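J.: These are the residues of each chain, in order.
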Amino acid sequence: MELLDNLRLGLDVSLSWSNLLFCLIGTLLGTLVGVLPGIGPATTIALLLPLTYDLPMVGAIIMLAGIYYGAQYGASTTAILVNMPGESSGVVTALDGHQMARQGRAGAALGISAYGSFFAGTVATIFIATLSPVLSDFGLMFGPAENVALMTLGIVAVVIMSKGSIINAFAMILVGFALGLIGTDVNTSQARFNFGISELRDGIDFVPLAIGLFGIAEILRTLETPEQRDVLHRKITGLLPTLADLKASLLPIIRGTGVGSILGILPGSGTLLASFSAYMLEKRLAKQPERFGNGAIEGVAAPESANNAAAQTSFIPMLTLGIPSGSVTALMIGAFTIHGVSPGPQLMTTKPDLFWGVVSSMWIGNIMLLVINLPLIGIWVRVLKIPYRHLVPAIILFCCIGAYSISNSAFDVYVLVGAGILGYALSRLNCEPAPLLLAFILGPMLEENFRRAMLISHGNPMTFIEHPISLALLLAAAALLATGLIPGIRRGRKTVFAEAQPGD
Amino acid sequence: MTQSIRRDVSLAFLLAAFGLGVLTFGADLSMGRIDRMGAGYVPWLVACGILFLSTCIGIRALYSWRRPTDEPSGEEEQPPVPWRAVISISLSAISFALFIRPTGLLIATMVMVLICTLSQAHSGWHARLLVASFLAALAGLLFPVGLGLPIALLPIS
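Residue numbers (the numbering used here), protein chains in the order written: chain A, 1 to 504; chain B, 1 to 157.
Honestly, the hints are just simulated from the structure, not real lab data.
Treat the numbers as computed from the prediction; the structure is a model and nothing was measured.
Glycine is no exception: its CB is placed at the ideal position from the N, C-alpha and C atoms.
Just so you know, not all the hints are guaranteed correct.
Unchecked claim - Here are the computed lysine to any residue pairs in the SDA-like style, where the Cα-Cα straight-line distance is at most 20 angstroms:
1) K385(A) <-> V131(B)
2) K351(A) <-> T337(A)
3) K385(A) <-> Q120(B)
Said to hold, decoys possible - Footprint (simulated), chain A over chain B, 3 or more residues, beta carbon under 8 angstroms:
4) 24–36
5) 49–59
6) 85–99
7) 102–113
8) 149–155
Model the full assembly from the supplied sequences, consistent with the hints where possible.
T.: Below you can see the structure in the form of structure tokens.
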């Protein structure tokens with residue numbers, strides 16, 4: 001069976017000593033970052049991007065991917081122990097997980113969340129392996145018109161799933177577009193918006209923009225409120241959940257995995273939506289819904305499985321179609337570009353070792369997280385005790401060095417500062433940075449495909465409707481936009497994001 | 001005026017300024033025709049879009065002002081801007097950019113960390129110098145030596 005052959009090829013690649021090491025570094029770093037508030041996987045990946053120049057490509061991607069799903073593990077640890085999730089998706093786990101910890105059942109909560117995440121990771125890997133070839137084949141049929149329609153759909157999805165007002169998100173998209181226009185026009189070689197600065201001839205480098213928008217802005221946001229943490233001082237005994245716990249968690253884990261796997265593929269949905277949806281589903285299906293919020297183990301099992309599944313399946317659109325589904329995958333596209341590979345439908349056929357190596361490494365990473373993390377919980381808890389303000393200079397230093405080292409240019413550090421202030425200002429004005437970064441990356445691709453489509457069709461805008469695939473994608477985008485604007489759903493969006501307020 | 005209306009007005013103004021900027025600085029780019037778009041076509045479209053959205057946000061602010069709704073959205077309460085942190089962090093990064101080429105990594109790091117820790121009111125100068133030296137040494141070991149990045153440690157004479 002082709003699937004087994006592919007997985008075997010992948011395992012050959014991912015089981016090499018150096019790739020295993022990269023996987024280990026990625027997952028451990030991801031866990032650390034998930035534990036610490038104020039710095040997330042997106043920032044860490046952005047920071048590490050310049051350093052991956054010198055690393056082998058497969059290893060670099062494996063490491064960066066490990067950071068993402070590793071962060072979900074780390075976030076659940078702090079969510080359960082300290083009620084302060086380091087990542088937004090941990091917010092849902094904290095609802096029942098921390099209550100369980102207060103009842104002395106922290107061990108069971110941590111154990112179930114680890115097992116659930118592992119199960120979800122395994123299923124998600126199989127899901128990716130089976131679905132990706134289908135999507136890739138499909139993507140190979142795309143011409144410029146279809147690409148435009150697909151990217152439009154992706155943009156609309158990200159906008160709908162953003163926190164806050166849809167108009168603000170669209171504005172961010174356009175601003176990101178505009179920033180991506182800076183540089184030299186590919187078709188006519190005319191300089192655009194350079195202001196005579198020679199460093200701008202190739203446009204703004206996306207790494208300092210990303211680090212500034214996510215890293216520095218996030219630090220400033222975290223510094224708005226003085227920190228208060230109450231670390232549980234009780235010793236954690238017994239990491240084995242009881243048999244009753246396991247029985248009660250089985251179906252929630254399966255359901256959570258399903259919810260997360262499907263939601264993860266949708267651009268823009270992210271791990272928070274997946275864990276929240278899984279939680280609400282369990283609550284609705286439970287025989288005694290009042291238990292939720294008071295230490296119901298289903299309230300830990302389902303969201304944890306969902307967010308891990310979603311983190312992994314969010315790689316599908318990026319690996320198969322070259323479309324980022326969120327800030328992390330947008331940054332991963334950057335990582336590919338740094339190594340001269342453009343992700344898209346042809347990736348699977350031109351570089352199967354890279355593709356299947358990364359997919360199989362996700363499963364290996366899950367094993368590592370399961371085996372290594374549970375014993376290391378004591379260390380993570382101690383890390384949490386470091387006051388945030390001591391970490392700030394170090395993080396800023398890494399940001400500066402990261403930005404500078406791309407082309408040994410001080411200009412990139414100025415871009416970093418500008419992006420940081422911009423990102424912080426935008427967040428004060430209720431605007432999200434993620435759509436901006438996404439549009440910055442997609443913009444040039446979108447413009448090129450748009451111009452080519454117009455060239456081929458001799459200026460006929462109906463070409464997007466005449467091509468059936470393009471029409472279908474645009475209709476889906478329109479439908480998605482319409483659903484986002486319906487009042488009932490708008491209120492629903494507000495609730496989801498309002499619930500996510502603490503520590504987000 | 002509530003906080004959220006003020007935010008919307010600021011956003012509308014900023015977006016309008018940005019959109020006008022794109023139009024102004026893109027004015028000398030050739031537009032071309034729709035089937036052979038010049039360098040200026042898409043920027044013009046984007047600028048128009050930004051100006052349109054800026055108007056929408058302005059209208060939204062006006063609407064909220066004229067009809068104060070009684071639904072207390074969670075967006076109202078925002079903590080105050082931590083100006084000390086914003087300024088010290090920005091200045092520290094800028095100083096890094098200024099110092100890195102002329103003086104090398106070690107000195108640039110020390111200056112940067114010293115300025116950055118100015119936001120922590122209660123640390124004494126001894127503590128700051130200690131942290132700065134520690135981080136400079138760490139950075140020097142990690143980046144040029146450990147990871148092989150081509151960054152000069154000391155001033156290029």
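J.: Please go over all the hints and tell whether each is borne out by the structure.
T.: How the hints compare with the structure:
| no. | hint | result |
| --- | --- | --- |
| 1 | K385(A) <-> V131(B) | 18 angstroms, holds |
| 2 | K351(A) <-> T337(A) | 14 angstroms, holds |
| 3 | K385(A) <-> Q120(B) | 18 angstroms, holds |
| 4 | 24–36 | holds (count 8) |
| 5 | 49–59 | holds (count 6) |
| 6 | 85–99 | holds (count 10) |
| 7 | 102–113 | holds (count 4) |
| 8 | 149–155 | holds (count 3) |
Taken one by one, the earlier hints all hold for this structure without exception.
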